[in-house]
Every structure is written in structure tokens, then in C-alpha cells.
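With chain R's structure known, arrange chain B on it following the hints.
Protein chains: 2
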Amino acid sequence: MKVTSDDIKNLDDRYRANLVNSLSGFKSANLVGTVDANGRTNLAIVSSVFHLGANPPLLGMISRPHTVTRDTLENILTTGEYTINHVNSAIWKQAHQTSARYPSDVSEFEEVGLTPEWQEGVLAPFVAESRLKYSLKLVSSQTIELNGVMLLIGEITQLYLEREAVSEGGYIDIESLDTVAVSGLDSYHVINGIGRLTYAKPNTKPEIFG
Amino acid sequence: MKVTSDDIKNLDDRYRANLVNSLSGFKSANLVGTVDANGRTNLAIVSSVFHLGANPPLLGMISRPHTVTRDTLENILTTGEYTINHVNSAIWKQAHQTSARYPSDVSEFEEVGLTPEWQEGVLAPFVAESRLKYSLKLVSSQTIELNGVMLLIGEITQLYLEREAVSEGGYIDIESLDTVAVSGLDSYHVINGIGRLTYAKPNTKPEIFG
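As given, the protein sequences belong to chains R and B, one line each in that order. For the first sequence, UniProt numbering assigns the number 1 to the initial residue and increments by one for each residue that follows. For the second sequence, UniProt numbering assigns the number 1 to the initial residue and increments by one for each residue that follows.
Next up, chain R with everything else stripped away, as it sits in the complex (with noise of 0.2 Å):
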């Protein structure tokens, strides 16, 4: 079936924003945590996280200004601080339930009853249930002309995790912390590994490691 640039414009809003979100293919599912300038705790799931580079370490984020994310975008905006959990098939269920709109003087921690983690030197939340999550500082902020959406990005300052799942050569195996996947706006996933594969070379072909 082809699908034209005219096409996609001329679908309803809805149905655009359900199709054009499948095409990247699968997102991480992470939940966001803030506070405010009170700070009253704020949380909410993301499936925009994207990796930007290793050294420093540095994360991507998209968020849209008029969304139910608004609170977070403004929470990291003041504070500069925010959290990035992973969410994992225990607690995919309170995770999405946090995109619902709650008043911004509820916190989504109790509404959905996730526990709120501190750390010192870290004035956002993490998430308690969460198997791997990490604290940033934004380092940079922009609005993304083409649509207005902004991208954030941030360097980690603390990094939590299950020893466990840390292998020799550093690779976390984010399956065995029943972390799970987004596709489109809606589906979450688990996974089922293929395998990992050796460096790839022109005069070779890869093979399963691991």
C-alpha cells in the first residue's frame, strides 16, 4: 500500500498522530520525575528518550509544549533536574496511567501509586518500583522550529541499577529487568531476545554471542 505526502495530510487528526507515531518503529517506555519550584512531585511516562552519545553521557528527550507533559517540561525547565526510569512489565499499567490529566497539585506518584525514590544531591524523584533509572542535569534546551515541539537534552549525574544485569563488557541486558517497549501511542511490549551479534567486518558474517 503506498501512502503519499498529501495523503498523510489530508487524515484526520486522530488517525494522522496514531499511524505517523508507529513509523519509527519500537520506543523506549520511560517515566519522567520532577519537582516543582515547591516541590511537589511530578511523573510522567515518555516514549521519547533517545540515546545522543556516551561521552559525556547525554539524553535526548522530545517534549510538546500544549501536552499533558507540560508540567514536566516546566518543572525541568526551573529546576534543571529530572529523573529517567525505566518501565518494566510489573508497572506498565500505573505507567501509562500517568498520562491522564491530573491538576497540576495532584501527584501522579500517588494517583497511581508509584513510590517515590530520593537520592542526595538529586532533587528529582526516582521511581522505587523502577530496575534502572538515572538523574540529569539539562544541558540544553531548544525549540525544534518545524513544529514547535522542544528537545531537551541532559547529562547523567547518578545512574541506579541491578549489579545482575551489568555483563562484562559494560552492555546492561535491559530484558532481564523486564523493561518494555512502546510502539505508536499506545502498545507496550515485551521482549524476547534474537541474540547479540559480533562486531560486524566486510570479510566476515556475524555471529551470535552472548
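Read the hints as simulated data drawn from the structure, not as lab findings.
Straight-line C-alpha distance at most 30 Å; calculated BS3-like pairs for lysine-lysine:
| id | chain 1 | residue 1 | chain 2 | residue 2 |
| --- | --- | --- | --- | --- |
| 1 | R | Lys137 | R | Lys93 |
| 2 | R | Lys201 | B | Lys9 |
| 3 | B | Lys137 | B | Lys93 |
| 4 | R | Lys9 | B | Lys137 |
| 5 | R | Lys205 | B | Lys93 |
| 6 | R | Lys137 | B | Lys2 |
| 7 | B | Lys201 | R | Lys93 |
Leaving out everything else, chain B in the frame of chain R:
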């Protein structure tokens, strides 16, 4: 286990790359098809494609200037066009093999055994074996000053997929297309859905549907 920013800084480069690349969660697996100024085809696997907006339909992609995707980056900047093709479980090994450092004058299509597919009005090759693919025109490119990587933004021009995979509301069941996910630098994952959840509202609990 707690890991500080100083710990991360002091890691061996390869270990740090493995570790930090695992932190965003599951990533999309896509093959990027391009041609150079002489029409020679190039194909590279990337795990950095992300959703940026539905209207207009925009996808972001991160490219490191000094890696194997350099040819891809140069081709995109030269021609202003590229294709993004979902990697599925029938071609994941060939897809990974495109990350080998082949000379610029050989085509990864031939080397790894994938088939270029041409569509009228698009300069760049699609991957015939991919079951969801689209072409883009480059609408923005910028260097992220923090670490020198490039952010490329493209707008969809043509989209090809199997009609059966599109649900009534526009959601594409990319699981039914056998699309795989990536974690870290080299781990590939097949997917088993948990379910789709209803639109979240403050006073309801999310329900599984679809």
C-alpha cells in the same frame, strides 16, 4: 548499585559505550538507504531514528560524523533524500552486517544480500525485504555542540506498508510486521505484545483493548 558521573567518566571507552547505549531503553532498528552524487547506493543500520511530530510527519535521526554511517550522512546532506526501512526478524543479520566498514565504492546492498527497490519520485533506494518503509526529504540538519553529533530531521514523502497491518484507528501493528528492536550497540529483540491501553483519564483505570 550506584554509579556516579565520575565513575562513568573513568570507564574504558568501549565499556562506557556499551553501558550508556543501554540506558535509553529499547531502540528502533532501521536501515537507511541513500545514494551518493554518482548514484551509488549505500545502506546503513541505525538505532537512532525517533518520532518528532505527526503534522507535518517528521522523523529525527542522530548521526555521528566519524563512524561508519559517515557515507550515509554525506549522501543525505548531498542529495537531501533518504529512506528509512524497518528491520524485521527475517533480515536482522544482514541489517547488522551493514555496520561493517565497507569501502565507499561498494554497496552494502550487494555485500549483505539485500535488494534495492526504486520508487518513482524518490532518488534513494528502499529495501525490498523491509515490510514498512518510507522516504524523506531532509528539512533540517544541525550539529549538537555538546558532543558534535548531527541531528537530521526529515519529512515523509512516500510511505509503503502492508495494508493488513493498519488498524481502524491508524495504529500500525509493527509486531505483525516482525519489526525488531535494538538495545545497547548490538542486541536485537523480537517482540511479544502485552497490549494496548485505553486513553488515560484521571478517574478511570487503563483497560486493555484491541
